[in-house]
Structures are given as C-alpha cells and as structure tokens.
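Heads up: the sequence lines are chains F and U, in that order.
Heads up: the first sequence at position 178 corresponds to 226 in the numbering used here, and the numbers run straight through without jumps.
Heads up: the second sequence at position 123 corresponds to 125 in the numbering used here, and the numbers run straight through without jumps.
Careful, some of the hints might be misleading.
Okay, the calculated beta carbon distance ranges per label pair [what the hints assert, rightly or not]:
id : chain 1 : residue 1 : chain 2 : residue 2 : range
1  : F       : 189       : U       : 170       : 19 to 25 Å
2  : U       : 137       : F       : 155       : 49 to 55 Å
3  : F       : 159       : U       : 42        : 30 to 36 Å
4  : F       : 506       : U       : 54        : 47 to 53 Å
If you want the footprint, here are the derived chain F segments under chain U, 3+ residues with CB under 8 Å [stated by the list, open to error]:
id : region
5  : 52 to 63
6  : 298 to 312
Only part of the chain F face toward chain U is listed, based on derived beta-carbon distances under 10 Å [stated by the list, open to error]:
id : residue
7  : 67
8  : 68
9  : 160
10 : 163
Keep in mind that the hints were calculated from the coordinates and are not lab data.
Note that the Cβ used here is the ideal one computed from N, Cα and C, for glycine as well.
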Amino acid sequence: MTTILTLPVLLPMLGAAVTVLGSRWATLQRVVGVVVLSVVAVLAGVLLVVADERGPIVTELGGWPAPMGIALVADRLSALLLLVSTLVTLAVLVYAIDQRIADYGRGTASTTFHPMYLMLCAGVSLAYLTGDLFTLFVAFELMLTASYVLITRRTNASRIRAGMTYVTVSLLSSLLFLTAIALIYAATGTVNLADLAGRIGTLPSGLRSVLGLMLLVVFGIKAAIVPLHFWLPDSYPNAPGPVAALFAGLLTKVSFYALLRTQTLLFTRDEPWTLLLVLAVATMLVGALGGLVQNDLNRLLSFLLVSHIGFMLFGLAVFDAAGVAGAALYAAHHITVLATLFLVSGLITRRTGTVALDRMGGLARSAPWLAVLFAVPALTLAGMPPTAGFVAKLALLEAGAAAGVDTRIVAGVVILASLLTLYALVRVWVRVFWGKRRAPLPDEDDADEVVIGTARSSVPMYAATGGLVAVSLAIAVFAGPLTALTARAGADLVDPVSYRTAVLGARASR
Amino acid sequence: MTTSRDESHDPMPFEEWDRPREAWLLSGDCRRPGQRSLLLEMTTRAVFPTVLVFSLYLLLVGHYGPGGGFSAGLVAGLAFVLRYIAGGSDDLGAVVRVRAPAVIGTGLVIALLTALAPVAWGAPVLSTTKLAVALPLLGRAELQTSVFLDVGVYVLIIGVVLDLLRALGTGIERDMRDAGEDA
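Just chain U, same shape as in the assembly (with noise of 0.2 Å):
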C-alpha cells in the first residue's frame, strides 16, 4: 500500500504537471499480472468517476425523485468495491485514505446534527424547511433542508461499504496470506 505511494511525495518536475495522477489509475504493481484482467481494469478507469457523480446526482434528486442518501451511498459504494475487485486492495487503499469508521462516525454526526438543528429554531426534531436563494445568472436556487441529513447518510453508508471491504475482503486476503495460501 504504502511503496507505490512514496514517490508521489517526491517534487514533480514542471514539464510533467499533465502526468495521469496514480490516485485515478490502478496502481500497476499490486497484483500478479497472471491475475490482472486489462479489460477490467480499464473499464473501472472509465466508470470510477461517472459512477461517483452518479451517485452524487442521486443524491441530489432524492428529495423529489428516486434515490437519495442510502442508494447514493449504495451506488458510490459499488464505485469502491468495483475497484477492489479490479486491482485488489492495495488499489483500493491508494484511492481511500481515511479510516473506514471515521466516515462512518462523521456521515453519523452530520445526520444526527441536521436532525437536532431545527430545534435552535423552535420547530420539532428532523422537521425541514425550504431555502430559496436568488443567484445571479441561474435564477431562483431551492434548497430543501433535508439534504443535509441525505448527506450525512450518504457518508456513512460510503463507510459502511468500506468497512465491509476491509473486514471481508482485505480482512480475508491477509488471513490467507498468514495461513500461506494464495490470496
């Protein structure tokens, strides 16, 4: 996880500011390359991104149409097992950073608070209202407040597929490892 990062902290030359960052690529030394399938992994290369704004879409639209929170949540967190399917989970520890139950905790703070926000304003628990903001050139902007608690389900459920993928996927390979067979 951590060799193929190391050289990314070195300075980058200037001619080669355009060079593909390898945080959006699979990191090409985590696998036996008997086990790689190219097809695969290009395909994830494409779909990564698209499905991350998809499910930011999602997201978004949930208030009036299908999706929000939890199927945003479900469908980035399939963006994530999508790469750890392909490049396994050093890719997977190169794209993600963060500690699995950190997201969980912070997609729970952020729903819990937009629950208990409304009571500042002396309405009940989790009820919402609608913001409206005029912005130049775009017009009239509609915010319910809702999103926020979308958002923070969003989060955790984001964690929640990470944390599987460690438990049961990293989890499992290193255990084969240990016990010597082949991951």
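In isolation and in its complexed conformation, chain F is listed as follows (with noise of 0.2 Å):
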C-alpha cells in the first residue's frame, strides 16, 4: 500500500521519460499517456477508499522517519482531490489527443506536448500527497514549469504576451514561497507539515500571524484569489483549448488545496476568520460582475472561475468542520465543471471559428449535442438543483448559517453571486445557442496551434467532454456518500492530531 502512494507521481514522471524517448511514435506517445493516467485514476480510486477505511496512508521516502526524511501522505481530501484531478486530467487527455489528430492528422507526433502534460500530472500528484513543505513547493515548480512550455507552445504574439504575465507572477509568487519557506524553517526548524503543526503553536502570535499570511498571499496569487487575480483573466483565455480546460480545473484549485492543508493543520482557529470572509465576497462579487460583461467566451468563464475560487474561500473561512467539508466538496466540483466548460468552449470556437460571443449564434439547432454538453455543465457551476454545483453549494449555506451573523452575510453574496453566475451563463445561452444561424468566420491565424472554424471535431473530442459532464452527474447522484465522505474529511482536517499522529506515529508527542 506504501508503494502504490509514491506511483501517482512516479508513473507519471516516467510516461514522460519515455514519450520523450518515443518523440517519433505519435501511437506510442498517446496510448503510454492514456494508460499511465488510466492507471492513476484507480490506484487514486483505491487510495480514497483505504484512507476512508483505515485513516490516513503514509509512506516515508527511502525509509528515512518522517521529521527528518520526505513523507508522503494520502487522507480522504487529497485522496478525493486527487482522484477527482486525474478523471480530468484523463478526459482533457483524450480531448487534446483527438484534437490532434484531427487537426493534423494520425501520424503527427509532439517532442513536448505529451511529456509536459504528463510531468504537470506528476507535479499535481505531487502537490497533493506530499506531507512536507519543501517538497510542496518543489510540486508545484514541477508543475508551473510544465505549464510555462504548455501555455508558450506554437506562440503568435497575444499568446506571448499572455505568457509573459503568467510566467512572470508565477515566478513571483514562487519566490514569495520560497522565502516563506525559509522563514517557517528558521523558526521552527522542520518544513514536514505534521512536525510544523507541533511547533508552530510554540511561536509568538505575531509570528505565527506574518508566516500564515505570507502563506495566504502565496497561495492566493496561484489561486485567484481577488485582489491577486489580476493575471488570470489574461492569461489562461490565450491558451489552447484542452490547455486551458486544464489550467482552468487543476492548477488554481491544487493551490487552493495547498492553502486548506496549511492553514487548517498549521495556522487553527476557533472562529471564523473575518479576513478571509471579507476575501471571499471580493472574490465572489468582482469574478461574477467580471464575467457579466466580457464578450469574449473564454474571458467571461475565466472570470467566473474567479469567483468561485471565492467560494470555497468562503467554506475555508467558516473555520469549523463543515466549512471546511464545504469547501473540499466544492473543490472537487469545481475542478470537474470548469474543465468541462473551457473544453466546450473549445468545442463552440472550433464550430463558430470566433470567441467573441457577438459573433455566434444559432447553434443550439446547428449543434444540439453542443448545446446539451453545455447547459449540463452552465446549470452545475451556477448551482441549479439537483446538479452537483447546488449540492455543493448547499454544503456551504449550512455551515455558512450555522456558524453565526458574520458567515450569514456572506451566504448571502454566495446566493447573489450564484445567481450573477447563472444570469452570465443564460447570456452566453442566448447570444451562442439561440438566434439566427451564422456561417463559421474563417480562421485568421494560420500558424498557430489550434484549428478553429471549420467545424471538424471528431467523436471521442465530444465523448471526452461527455465523460467529464457524466463525472459532474456522478458527484450529484451520489451526492450522499460524497457529502458524508466530505464531512469525514472536513472533521479530518479541523483536528490536525489525527494528521499528526498518523504521519509522526509515537514520535507526535514530542
């Protein structure tokens, strides 16, 4: 059981050694990527089902003890996260793979494609199991500089301009890390998350408050989070579609997971935390009003990725077990819903030749499977019953109300920005899907990656999209063992003793 909770970052990595070995056999590239994720997504699968039965899973890299040596942790969260990461990463997999192959026929191979997706699903794993801070970071450059070479890949000039501000507050935010990192280890002297737990609340409180805020704002630049979005927006529209699709459900979302890992074991409250509320609503508010008024598809679902990153920022801010379980629910949500919109997104361009939403129109009869593998997916994010967004939502009005006035309020702006949400999501309805007909405008560049206009998208692009849209249902239909399973993790992580005690073993006491 050790072993299999090192091979979600190692057989990823080595799928990516030899897809660069193979740079010649496109067949060999895309079936080695295909079964390497395949393979994760169950061995992530039975990861979340042992750590539901039997507690946390832990595995010591080259059996050197945990404060000292690297241990790698998988609990119901990361489990489920990670599960949730790899379906998406799978199915954007796929959909990249067809589009491909549409586009420039079979035989066509990639040197870096294949290798650097299958290195950022390393990072992902990486990011999620690891049990030490060092080594988060570490996850998540292995994961950045993946996407650098994918989002720069067949640049024109707009996409290096969105390059450059993407690379740039990355490596930013990166070095703030860093620094936040020495920090934490001059003061404590550990960088193994159980070990920090410990020691950190030995600290003086002012301390402790500058090292869990320089956490926040790191986390918060990689997640969105408002005043820090700003790049987002800019950026990830730019990118190809499966691309996007990829940034858009996985790369914000492990830094919300990192954000939840480290305040809730490192920096523990009592109550809720009113910065973070306040975060929240910004959040909410300037990602939904953001995308009421963006022409271009891509941009407006950028910036309501942006808002739903407030979301769960809201469930962690409630600080108690069901926030918390909020939030975890939610995340895994809204991975799944966002890479599904940016593939369809993908999907509308590729028919309509443009993203300009003024452009379009009439497609729900010129495309009717289109129009249903987006409204599933509009319905979820803005949170209609009995859709997997809505029971994620109510998992946080409930803790929302029941955790006092403050997080009543702000239940309030998630039901506000839920409907902002859905008031976008029906004017991107009606300018794309409904209205007279248009003939696809012609592609205008060429040279660049993507193929747009031309209408040609092969079965398994949509069947992959699909697939995405059947996990989405899944997460509704089995909403009730999902949610207790949530609130199991949620209750997890508000007592980081249990974490402790599972990673450390007798030596926690100390």
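Hey, can you piece these two chains together into the complex? The hints should help.
This is how it looks when you write it as structure tokens:
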C-alpha cells in the first residue's frame, strides 16, 4: 500500500520519460499517456477507499523517518481531489489527442506536449500527496514549469504577451513561497507539515500571523483570489482549448488545496476568519460582475472561475468542520465543471471560428449535442438543483448559516454570486445557442496551434467532454455518500492531531 | 554538420592509424577564419576531456563529499558549452550525435527505475543500500546504490544543457541566418 502511494507521482514521470524517448512515434506517446493516467486514476480510487476506511496512508521516502525524511500522506481530502483531478486530466488528454488527430493527422508526434502534460500531472499528484512544505514547493515548480511550456507552445504575439504575464506572476509567487518556507524553517527548524503543526503553536502570535499571511498571499496569487487575481483572465483565455481546460480545472484548485491544508493544519482557529470572509466576498463579486461584461467566451469563463474560488474561500473562512467539508466538496465539483466548460468552449470555437459572443448564434439548431454539453455544466456551475453545484453550495450555505451572523451575511453573497453566474451563463446561452444561424468565421491565424472555424470535431472529443459531464453528474447522483465522505474529511482537517499521529506516530507527542 | 563528417566513413589507410580523430578536435571549417580564436580553440582542446573526467569524479565522490549528479552534470554540460563557444554549433554537432531529448529521457528513466527498484526487494521507494564486493588486488570496494540515481540525474542534466544549446544557441543562430543577418 505504501508503494501505491508513490506511484501517482512516479508513473506520470516515467510516462514523461518514455514519451520523450519515443517522441517520433505519435501512437506510442498517446497510448502511454492514456494508460498511465488511467492507472493513476484507479490507484487514486484505491487510495481513497483505503484512506476512508483505515485512516491516512503514510509512506516515508527512502525509509527515512518523518520529521527528517520526506513523507507522502494520502488522507481523505488529498485522495478525493487526486481522484477527481486524474479523471479530469485523463479526459482532457483524450480531448487534446483527438483534437491533434483531427487537425494534423494521425501520424503527427510532438516532442513537448505529452512529456510536459504528464510532468504536470506528476506535479499535481505530488502537491496533493506530499506531507512536507518544501516538497510542496517542488511540486508547484514541477507543475508550473510544465505549464509555462504548455501555455507558450506554438506562440503568436498575443500568446507570448499572455505567457509573459503568467510566467512573471508565477515566478514572483514562487519566490515569495520560497521566502516563506525559509522563514518558517528559521523559526521552527522543520518543514515537515505534521511536525510544524506541533511546533508552530509555540511561536509568538505575531510571528505566527506573519507566516500565515505570507502563505495566504503565496497561495492567494496562485489560486487567483481577488485582489491577486488580475493575471488569470489575461493569461488563461489565450491558451489552446485543452490546455486552458487543464489549467482552469487544476492549477488554481491545487493552490486552494495547499491553502486549505496549510491553514487548517498550521494556523488553526476557533472562529470564522474575518479577513478571509472579506476576501471571499470580494472574489465572488468581482469575478461574477467581471464575467457579466465580457464578450470573449473564454474570458467570461475565466472570470467565473475566479468568482467560484471565492465560494471555496468562504468554506475555509468559516473554519469549522462543516465549512471545510463544504470547501472540499466544492473543490471536487469545481475541478470537473470548469474543465468541462473550457472544453465545450473549445468545441464551440472550432465550430464558429471565434470566441466573441456577438459573432456567434444559432448553435442550438446546428449543433444540438454541443448545446446539451454546454447546458449541463452551465447549470451545474450556477448551482441549480439537482446538480452537483447545488449539492456543494448547499453544504457551504448550511455551514455558513450555522456559524454566526457574519457568515450568514456572506452566505447571502454566495446566493447573489450564484444568481450573477446564472445570469452570465444565460447570456452566453442566448448569444451562442439562440438567434439566427451564422456561417463560421475563417481561421485568422493558420500558423498557431489551434485550427478553428472548421466545424471538424471528432467523436472522441465530444466523448471526452461528455465523460467529464458524466463525472459531474455522478457527483450529484452520489451526493449522499460524497457529502458524508467530505464531512469526515472536514472533521479530519479541523483536528490536526489525527494527521500528526498518522505521520509521526509515537514521535508526535514530542 | 555533415560535410566534415562524410570523409570519416572512408576506410583509413593502415599507416595513418594514429591520425587524430576529428571528433576530439575542433572541425576547422565550421566558422569564418576571422571569427575564430586560436587561443580559445587550443585551450578547449586541452580542457574538454579534463572537464569531462572531473565531472565523473564529482559524480562518484558525491555521496560523501561535495558533488553529486546535479553538479557533475552541470560541469559536464559546461564542457559542451565551451566547445560550442569555441567551435560553434557545427563543432558541437560533430561531438554530440544523439538528440538532446533522447539524453533527457534516458536520464529520467534511469533515475526513476532506481527509485522504483527497491520495491522488488520489499524496501520503500527510493531507499538505498551499500553493496560491498571484494575485488582482486584492489581489496574491498563499496558502492552506494544511490549512485545510480545520481547517474540518471547526471545524464538528465547533460541532456538539458545540450537542449538549451540547441534551442538558444543553434536555434537563434539559424533564425539570424534566415533573417539575413550575420551569425
């Protein structure tokens, strides 16, 4: 079982190495990518079941005991998010492969795409599984470095501009992260999360607040919390469809997971965190209002992505078991639904040749299946019953209503932001799917990665998108067991003692 | 890149068996004479093998002393950077005939298999052990299995440096030539 824990990290890396070596054989690359991610998905499922039944699974790399060596930990939260993320990466990979086949033919191989994609997956797995603050930094760097390559492949001028914003902001936040780790190590003498949980409580409260706020800023930049969100709507929409879906689904949520893990484990609180409540309100409203006025479909989705980060922040800000559980459930739902919407946006653009809402129309008649694929995740994101979004939002609202007056007010903002989201998406629906049919616009730039306006989309691209819709529906169908699972995960999170005992064993008391 | 290599496939006359092999010297026709620096080329000829041997020393000494796969790989990479600076991309192409991504992939595979290998003996991932063998004449020799991980990292880093030279060196030179500027 402890070996299984390392495989979600090592297998994608091995896959990356094999796809680099086989960079002339397109079929080999595709098979390796899909097989590796499928195996990791199965392993993540096994980890989730075992972690839920027997408590956190821990392995110490190289057999070095935990505070000194590096520990990998899979508890309910990390295993759940790992499973959902891997399903998303698998579906996006299938979509990307078929888009490539549709655009360039079956034989076209790529030296960079598959290795970088799998490296990014390895980084995501490591970020979820690590029990060590410095390894978390390494995981983020692995993930981000791969994402720099993916966002700047086959560039045109606008993509280079967007890529520069993205790279600069990410590097800045990584530098801050490294500084924060250095300060934490200087203050406590350890970077192991479980060990830190015991030691950081003995620091003076001022120093503890500074360290906590530094980590909040670091992960706030990476997770696009208002007012640190400015880079996201500028960079994501310029990436090619599947890459944007991958980033939108995973990167910000991994950062949110890191925020959730560090704040609940290291900087425990007994009552709601007012600062984070304010940030959550700002994030929800700025994102939703920003989404209302966009004409570019991908920018609109990016703003909604920012808005819904605020929902998860609200769950964390409530800072009790119910709130954190709601945030975990919301993260799982958010990963699938945002990735789906960006994939659908890619399909729409392939059909219409544009991302501008005012230049499309009538797709409901010309592409009814596309309309279905858009409608389900759109309703899910807006949180209409009986979708997964409703289940997740209900968990957040219940937690907010039970926690106090402040949180009840913010819960009202949650409902307002949901309505604004619904309005923004209805606007998309009216512009894109209703109205009179329009002929697709021609591809403006033949040289770039994306072929658009051809209406050529293979069945597997639809199937991959449909698969993600199915995952999202499954979250709604299995809402009962899942809510119970995240409730247990939330209870784990607000009680750091169980995490410490699992990692450090008898050494935890010292 | 190919013009200077073609003649080496010709069978070499017996009496010229000790003729210097081109791969260890800078191939003379790679740059315009005005751009060549004789001093740098001669220094490179002497330093290149020395640096490679030093990098192997760093690789092996790394378990107990300063060194290890990463720094050894960088030092070896610097040897190739020196050749590139002295002789340009044609000379580098004459020394390194494999594609840089293949080097990177090989290094990564070696490192990852070393990480996974202990599982076969029931030990945790990434654990290492000490192998001791009695060699005739030399006596007892010890080998930390972590050296295989270092070898993987070493190869990987060399591949990365070569890829950087290819992308940022040769690639930019080619772009400048295509644009009509003098590289």
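For each hint, the structure was consulted:
1. Range check, residue 189 of chain F to residue 170 of chain U: Cβ separation about 21 Å, and the 19 to 25 Å hint holds.
2. At roughly 51 Å, the beta carbons of residue 137 of chain U and residue 155 of chain F sit within the given window of 49 to 55 Å.
3. Evaluation of the 30 to 36 Å hint for residue 159 of chain F and residue 42 of chain U yields a pass: the beta carbon distance comes to about 32 Å.
4. Between residue 506 of chain F and residue 54 of chain U, the C-beta spacing of about 49 Å keeps the proposed range 47 to 53 Å intact.
5. By the rule of at least three residues with a Cβ nearer than 8 Å to a Cβ of chain U, the coverage given for the region 52 to 63 of chain F holds, with 4 such residues.
6. For a cut-off of 8 Å, the count of residues in the region 298 to 312 of chain F with a CB near a CB of chain U stands at 0, and the three-residue condition is violated.
7. Given the 10 Å rule on beta carbons, the hint for residue 67 of chain F holds: about 8 Å separates it from the nearest Cβ of chain U.
8. The closest approach between the C-beta of residue 68 of chain F and any C-beta of chain U is roughly 4 Å, which is under the 10 Å cut-off, so the hint is satisfied.
9. Because the smallest distance between the Cβ of residue 160 of chain F and any Cβ of chain U comes to about 9 Å, under 10 Å, the interface hint for this residue holds.
10. The restraint placing residue 163 of chain F at the interface with chain U holds, with a minimum CB-CB distance near 8 Å, inside the 10 Å limit.
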